[in-house]
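*Asks:* Going down the list, the sequences are from chains Z and W. So that you can map any letter, position 207 of the first sequence is 207 in our numbering, and since no number is skipped, the others follow by simple counting. When you read off a place in the second sequence, starting at 1, and then add 1000, the result is the number in our numbering.
Keep in mind that a hint or two might mislead.
Mimicking DSS-like on lysine-lysine, the simulated pairs with C-alpha atoms at most 30 Å apart in a straight line are [unchecked claim]:
{"id": "1", "chain 1": "Z", "residue 1": "Lys97", "chain 2": "W", "residue 2": "Lys1165"}
{"id": "2", "chain 1": "Z", "residue 1": "Lys174", "chain 2": "W", "residue 2": "Lys1161"}
{"id": "3", "chain 1": "W", "residue 1": "Lys1165", "chain 2": "Z", "residue 2": "Lys174"}
{"id": "4", "chain 1": "Z", "residue 1": "Lys61", "chain 2": "Z", "residue 2": "Lys26"}
{"id": "5", "chain 1": "W", "residue 1": "Lys1146", "chain 2": "Z", "residue 2": "Lys174"}
{"id": "6", "chain 1": "W", "residue 1": "Lys1161", "chain 2": "Z", "residue 2": "Lys97"}
{"id": "7", "chain 1": "Z", "residue 1": "Lys174", "chain 2": "W", "residue 2": "Lys1157"}
{"id": "8", "chain 1": "Z", "residue 1": "Lys19", "chain 2": "Z", "residue 2": "Lys36"}
{"id": "9", "chain 1": "W", "residue 1": "Lys1165", "chain 2": "Z", "residue 2": "Lys173"}
{"id": "10", "chain 1": "Z", "residue 1": "Lys78", "chain 2": "Z", "residue 2": "Lys26"}
{"id": "11", "chain 1": "Z", "residue 1": "Lys152", "chain 2": "W", "residue 2": "Lys1146"}
{"id": "12", "chain 1": "Z", "residue 1": "Lys173", "chain 2": "W", "residue 2": "Lys1074"}
{"id": "13", "chain 1": "W", "residue 1": "Lys1125", "chain 2": "Z", "residue 2": "Lys97"}
If you anchor each label on the Cβ, the simulated ranges turn out as follows [to be verified]:
{"id": "14", "chain 1": "Z", "residue 1": "Gly207", "chain 2": "W", "residue 2": "Lys1165", "range": "19 to 27 Å"}
{"id": "15", "chain 1": "W", "residue 1": "Ile1124", "chain 2": "Z", "residue 2": "Lys79", "range": "54 to 62 Å"}
{"id": "16", "chain 1": "W", "residue 1": "Glu1121", "chain 2": "Z", "residue 2": "Ser209", "range": "28 to 36 Å"}
The hints are simulated quantities; they were obtained by calculation from the structure and are not laboratory data. Cβ atoms here follow ideal geometry from the backbone N, Cα and C, with glycine treated the same way.
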Amino acid sequence: MLQPFLSALLYEMLAFMGKHQDLFEKTGDERMELLKTLKVPESFRHYLSTLSEAHFVSDVKLVLQVLNGADVAQLPVKKNAFFTALVEFFTGPFAGKLDQLASNYYLQPYEVRGAQAKELILGESRTAIALHDLIVNSSYQEIAGTIEMLTKAVSEASFVLVQVPREIDTDLKKEMRAALLAEYPHSFPTFQINRGLLGGFRIFVNGRSLDHSWFSRIARLTSLKTVS
Amino acid sequence: MDGLLKLGIDPWHILTYVVNTGVLLAVLTYVLYKPLMKFLDARRDQIAASVDEARLLKEQLDAKSAEAQQAQAKFEAELKKETDNLRQFLQDRRAQLETEMSTARTEMMQKAQADIDSKKEEMIKEIEVTLLDLMKKIILDIVQHKVPEDVVQASIKDSWKTYRK
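I would like the entire structure built from these sequences, with the hints used as guidance.
*Replies:* Rendered as structure tokens:
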């Protein structure tokens, strides 16, 4: 699922380097100035601004292995700079984009999904098109599962699941994601609707439950322990 | 002598009578008096012997009677002692039985009370569970169907604020 995006990303970076073959000879600030024209997510610009040429070549080999079908979890990607940038992108800006999609988005017809994704992912770059296709052609569960696998392999991030009784507004979702991301770095909090909670919310972090739901309050209220 | 004859008394006759009487007395003495006396002596001796035997028997009887009285007294004493012992034993046994019965009754009552308490506690718990289950159903029904959407949304925000604290 990540292959089209990685392919586009690699293409953009290599094409950029073809034009700027002296990139790695420049200082950090110079590189950042130069990289402003590169149409890739910010985390990759930062990645390229701090990296040596040898490391980049090494990372490109890893990416090529993934493009050739290797399992990311089986590769030495832990703490790798490229894949860390990839995780930062998926758990940060990309996750924010996903949160803006309505809960019924994945039930819409293909054309409708395409139109909504186009409004969400602006630009005509290869990476933008790859992300657009990723959102249109994959379900939320597939995307979330892939990102969680990636975060687990790269930075052993926590598995965070947020259950809410109703669809929540984008701002609150954004705020919650940002706070949880700060609390559990490189995690990809997944939002799930569970009407049984009635009110409040419930968070699972690596299987541990942080319950702030009405249901649990009612259960506590009506439990024998409370009474006795 | 002639005078006697004139009176019609014959001395010979008198003599004969005397002799006859003597003979008669001698015969009677020999034939009747002596056996009679012998019989009487024998009878007297027999009576005396009987009297002696009776006295002996009486003495023996007295002795036996005394002995029997003594034995009876001893028996009565023993019987009294045994009776006293038996009474004491019965009293002790009764006291022991009363103590055991009291202990058993106390234990039985305690067990019965414990059973009652246990049953009571179980019943209370069952009632509590039923009551709480009912309460839960009522609350859940109200919350699920009667709470407006904006309240639910507000609850999520409030819970998030609480979580952030």
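*Asks:* Give a verdict on every hint.
*Replies:* Evaluated hints:
1. Restraint check: the Cα-Cα separation between Z:Lys97 and W:Lys1165 comes to about 27 Å, which is no more than 30 Å; the hinted pair holds.
2. A distance of roughly 14 Å separates the Cα atoms of Z:Lys174 and W:Lys1161; the hinted pair therefore holds under the 30 Å criterion.
3. Of the supplied pair hints, the one linking W:Lys1165 and Z:Lys174 holds, its CA atoms being roughly 18 Å apart against a limit of 30 Å.
4. Note on Z:Lys61 and Z:Lys26: the hinted pairing holds, with a Cα-Cα distance of about 23 Å set against a maximum of 30 Å.
5. A C-alpha spacing of about 29 Å is found between W:Lys1146 and Z:Lys174, which places the hinted pair at or below 30 Å, so the restraint holds.
6. In summary, the hint linking W:Lys1161 to Z:Lys97 is supported, as the alpha carbons are separated by about 23 Å, within the 30 Å threshold.
7. For the given pair, Z:Lys174 sits about 13 Å from W:Lys1157 by alpha-carbon distance, which is consistent with the 30 Å threshold.
8. Between Z:Lys19 and Z:Lys36, the direct Cα distance comes to roughly 14 Å. Compliance with the 30 Å bound is thereby established for this hinted pair.
9. For the hint pairing W:Lys1165 with Z:Lys173, the CA-to-CA distance comes to about 17 Å; that is within 30 Å, so the pair holds.
10. The hinted pair formed by Z:Lys78 and Z:Lys26 meets the criterion: a straight-line CA distance of about 27 Å does not exceed 30 Å.
11. Using a Cα cut-off of 30 Å, the hinted pair Z:Lys152 and W:Lys1146 is violated, with the two alpha carbons roughly 42 Å apart.
12. Under the criterion of a C-alpha separation no larger than 30 Å, the hint pairing Z:Lys173 with W:Lys1074 is inconsistent with the structure, at around 114 Å.
13. With a CA separation close to 52 Å, the supplied pair W:Lys1125 and Z:Lys97 exceeds the 30 Å bound.
14. Between Z:Gly207 and W:Lys1165 the beta carbons are some 24 Å apart, a value that agrees with the proposed interval 19 to 27 Å.
15. One distance hint, 54 to 62 Å for the beta-carbon pair W:Ile1124 and Z:Lys79, holds here, with the actual separation near 59 Å.
16. Restraint check, W:Glu1121 to Z:Ser209: a C-beta distance of roughly 32 Å satisfies the suggested window 28 to 36 Å.
Of the hints listed earlier, those the structure fails to meet are numbers 11, 12, 13, in rising order.
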